[in-house]
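Colleague: Input sequences plus hints: build the corresponding full structure.
Here are the chains, one letter per residue:
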Amino acid sequence: DAGVIQSPRHEVTEMGQEVTLRCKPISGHNSLFWYRQTMMRGLELLIYFNNNVPIDDSGMPEDRFSAKMPNASFSTLKIQPSEPRDSAVYFCASRYRSGLATDTQYFGPGTRLTVL
Amino acid sequence: AQSVTQLGSHVSVSEGALVLLRCNYSSSVPPYLFWYVQYPNQGLQLLLKYTSAATLVKGINGFEAEFKKSETSFHLTKPSAHMSDAAEYFCAVSDGNDMRFGAGTRLTVKP
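Chain order of the listed sequences is A and B. Per the numbering used here, the very first residue in the first sequence carries number 1; after that it's consecutive. Per the numbering used here, the very first residue in the second sequence carries number 1; after that it's consecutive.
Bear in mind the hints are in silico, worked out from the structure with no lab data behind them. Only true hints are included.
A few chain B residues that face chain A, going by a derived Cβ cut-off under 7 Å, partial list only:
1) Leu44
2) Leu46
3) Phe101
4) Gly104
Ideal placement from N, C-alpha and C gives every residue a C-beta, glycine not left out.
Modeller: What follows is the structure, given as structure tokens:
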């Protein structure tokens, strides 16, 4: 299995531009998570989906952030407009949700976003 | 609400020495606990997880963790550190829906 795939791996953009991060979960997984990692705040859960439906988006910083999961094999996280404080590493993770709390999340390699 | 607290943001050990990374949890339901490792410029990968089958859990790369309900702890240990163990380690707790991570502990291994 190829694991969780994220693109791009690195993104450098200017303040005010729209940024779209992409994620392909592991085939057969039915839950998908978006996280943000910074030195100051550590690893933060932004949003997660079960069966393509957003369940909890309370971690999304503000309306500039939006996430979609149009089908089981693809998700996007969009920032519009981007700001320098959005600079971080964004991780996508997926799992097969069997209903057990012991289900493991598998992480992608991350997208390093720099907003100038 | 569930949460984990990792004691010590940085731990430094000598190669061959014992590794001890501390994690305490808070959970209103029986906790399911995980340790993940993150190598530089990589995503997180699972080291081990507590599933209530046994309190002492063995993971990859010689790591293990012991669940102690009375102390609300799930500390990670390895008898003998290797240079390749240098990484950041995250403790996490799940209730079956989402997962909450600790702030992480950066492990440095000195030659």
